[in-house]
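Engineer: Below, each chain spelled out in residue letters.
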Amino acid sequence: MVALAQDRTILKHRTHWHVLLVHFPITLFFAAFGFQILHLVVAPACFELATNVTLAAGTIMMIPTTRSGWRSWMRDYKGAKVMLFKRKIAIAFFMLGLGIALTVWRFLSLGIFSEAKENPQHLIYLAGNALLMMGAVAEGYYGGRLNHR
Amino acid sequence: MTFTCRDLENMIQALTLTIAVHEQEEAYFRRSFEISTCRESKMLLLEIADEMRSHISSLEEKKSRLVSQLAGIKQAGRSEGDR
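Residue numbers (my numbering), protein chains in the order written: chain U, 1 to 149; chain W, 1 to 83.
Accuracy of the hints is not assured; some may be wrong.
Claimed, not checked - Here are the simulated lysine-lysine pairs, DSBU-like style, with alpha carbons at most 30 angstroms apart:
1. U:K12 with W:K74
2. W:K42 with U:K12
3. W:K62 with U:K88
4. U:K86 with W:K63
5. U:K88 with W:K42
6. W:K42 with U:K78
7. W:K42 with U:K81
8. W:K42 with U:K86
9. W:K63 with U:K81
As the list claims (entries may be wrong) - Far from chain U, by Cβ distances over 12 angstroms, these chain W residues were calculated:
10. T2
11. E23
12. A27
13. E34
14. R39
15. R53
16. H55
17. E61
18. S64
19. R65
20. Q69
21. G72
22. K74
23. Q75
24. S79
Derived from the structure by calculation, the hints contain no laboratory data. Positions of the beta carbon are idealized from the N, C-alpha and C atoms, including for glycine.
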């Protein structure tokens, strides 16, 4: 049977906001950690500023990412209470809380532009950034297990 | 029966996720069926969606059996504990 000229096959995809958004905090937290390491090893102050900016951006992006993840869980997975989602949700809220706390603390205690080299607080900052990076790895790992088994 | 609670919980979780993923696929084919105008494609899209629904029903049945088994084991464990 030959289709009429106006007949069309339309494959109706949906926009999966969480999949789209989730790459931003992962990349930004990785970058924040990388800049922090560069700052400690190579020392230029610009790397400290780069860390501050990427950390703040990653934390801001965590808000829509967590929200879209929650909505996707409720809508696409009907709020299934399986271990994978429990871990993903717990890690996401931990990262969101840590990101906000670390950003606020960094900006209040050391300022946006000031360098914290030789300051013991630097280690806390590094540890926080490392935890956020590990959280991003864990989120990626569990997210991958959801669709690539 | 060799299933332990842990085995059953793992299987139920795996099935829950698989059902959810398949339901999304089914919804995708039904959406496409609804807006497509090519008759041949519509028939095929609907057929695929219906086959997926049938597969999902089979998975749900398996899950339901496992849930019952788990409840039975837990109930037996509680009765054992009460004695």
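Engineer: Hints numbered earlier in the text: which of these fail when held up against the supplied structure?
Structural biologist: Hints 1, 5, 7, 8, 11, 12, 13 and 14 not satisfied by this model.
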